[in-house]
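Student: If you want the building blocks of each chain, they are given just below.
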Amino acid sequence: MNKDFILSAIEEKFPEVISSILEPHGLLTLEIPVANIKPLIQFLKEDEKTNFIFLTDICGVHYPGKGDKEFAVVYHLHNLEANFRLRLKTFVGRENMHVPSMMDIYSGANWMERETFDFYGILFDGHSNLKRILNVEDMTYFPMRKEYPLEDGTRTDKDDRFFGRDGNDNVTFDDKKALARDNG
Amino acid sequence: MDSTIKKVTSDYVADSMDGELATLNLGPTHPATHGIFQNILKMDGERIHSAEQTIGYIHRAFEKIAERRPYNQITPLTDRLNYCSSPINNLGWDMTVEKLIGIEVPKKVDYLRVIIMELARISDHLVCNSVIGVDTGALTGFTYIFQERERIYEIFEEVCGARLTTNIGRIGGFERDFNAIAYHKIKLFLKDFPKRFADFENLLERNRIFMDRVINAGSISAERALNYGFTGPNLRATGVDYDVRVMNPYSSYQDFDFKVPIGESGDTYDRFMVRQEEIKQSLSIIAQALDKMPAGPFHADVPEFYLPPKEKVYSSMEALIYHFKIVMGEMDIPEGEVYFPVEGGNGELGFYLISDGGRTPYRLHFRRPCFIYYQAYPEMIKGSLLSDAIVTMSSLNVIAGELDA
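Protein sequence lines, in the order shown, are assigned to chains A and B. Throughout, the numbering used here is defined as the position within the first sequence, counted from one, plus 87. Throughout, the numbering used here is defined as the position within the second sequence, counted from one, plus 17.
It is worth saying that the hints were derived from the structure and are not from the lab. Keep in mind that this is a model prediction, so the values were computed, not measured. Even glycine gets a Cβ: it sits at the ideal position worked out from N, Cα and C. Certain hints may be false.
What the hints assert, rightly or not - Dumping the calculated DSS-like pairs for lysine-lysine here, alpha-carbon to alpha-carbon at most 27 angstroms:
(1) B/K81 with A/K153
(2) B/K125 with B/K204
(3) A/K176 with B/K81
Unchecked claim - Cβ pair distances, simulated, as ranges:
(4) A/S106 with B/T160: 15 to 23 angstroms
(5) B/A312 with A/F92: 40 to 48 angstroms
(6) A/E110 with B/G154: 50 to 58 angstroms
Model the full assembly from the supplied sequences, consistent with the hints where possible.
Tutor: What follows is the structure, given as structure tokens:
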């Protein structure tokens, strides 16, 4: 099993769903629209040739200021027989944070999705028990979002502008990259 | 949490009135949970009708904290995941960062890491297996074997100065080389441990009372275990030979000759026996690593990331500069995205790291094996006796720190 095999298998069944193909540090990463993610994962698991029977992980990522690509849900799949790992990403915006649940495909997705909901507020449609898992139930915000800085913003003794940094986390991914470039 | 308490209480009253199911709170603090997490069991007499877990009692938001910390300051956070085998978490994290930066460590570092990680695995399995004995009423094995765990901790102490939350190793290698006393202690451990371990084996492995208690308790099929995302000894007990050390070798595990023990029925006894055998395999790996120990430096030559020795900081300009930059968290890590799995005490411990090129991770996610397989617990104990549920939980080796991150 290799990259071309996976890509052609997906292309055959779901033409033109892959919006980007990357391979950071040797792990094939595909970006899939949210409408196709569930049928695609179902296919990858149930098809005998692809055979991704193992769901390694689900987690969320927040990219503030990215419009309808603000929140990513990242799936790590593993074909244990061929020992091939695959990473799938799907993006949603703040207005429509609905992603289909993978619970009926992989039982293990249950808590992984609850954790992602707990941290980012991403709503998994079809999940049987979507409530907070690690934080208290009456918490009113989603703590892993970047707009909640870790440290108290009113403190002045921890100002690290002197080191060429913005003191809070409320900067976008692109801003931080630009800042890193400017600083050489 | 008020609403939850009210809800649970009202359920309890309703059930009692019904006269059929009783609600039993196992935890949050209960001698048999070995950590703080709650199980609300619906009991039909002695048998479990259904169970619901509540977790998060020691959630410390490590993933959030990590987004504000320089890379070398994240190692102490990983200590507190699975605190029965902290060195595996520490070194796994170091290797993740090394993969992202592209650091090649010397062969000697790999071998030293293997020794430390296998010692940690032994201590993790010893705790788990002796505690299964305790939960079945056999306290003797536990008191015997904790003496051996103490010896492992003494080795850690010799190598890094700490025992439980070790913060062992650095990005690029080790803080210092193993000294002669450390090597001596490791060799002594390899020599003495098999005898003491044989005592423990004789106490439990073929003990009729113990076997009657654990065989067929909390069994799970290979298919269900894979569907739930089981890894580590708990998956291997069901008969699937998945081991990250073999499938995705890291830290030169491909150089060592060892077997991956598997079970058959995925019950508590199989989990116990898989861990017993893994302890022996770990011993053999440590012996091989000592035999084949290559010469060379104990850290990679990466001054931008590896803290210089303290005496050089006072005498050398470069060392002073790098020391300042590393301590102040001024070392930028290249942009990238990496998933790095290691075989932890409980299974595949994965580090999913996204870097935006800054001094801290943009996103760090821990794939914690406990968190993923513990969700299968209600299914595993459904219809079984309460006493079976207790041994099932201890054989799953759920560690609260790893569960809640």
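Student: Next, verify each hint and record whether it holds.
Tutor: Now the hints, each set against the structure:
{"no.": "1", "hint": "B/K81 with A/K153", "in the structure": "20 angstroms, holds"}
{"no.": "2", "hint": "B/K125 with B/K204", "in the structure": "17 angstroms, holds"}
{"no.": "3", "hint": "A/K176 with B/K81", "in the structure": "21 angstroms, holds"}
{"no.": "4", "hint": "A/S106 with B/T160: 15 to 23 angstroms", "in the structure": "60 angstroms, violated"}
{"no.": "5", "hint": "B/A312 with A/F92: 40 to 48 angstroms", "in the structure": "43 angstroms, holds"}
{"no.": "6", "hint": "A/E110 with B/G154: 50 to 58 angstroms", "in the structure": "54 angstroms, holds"}
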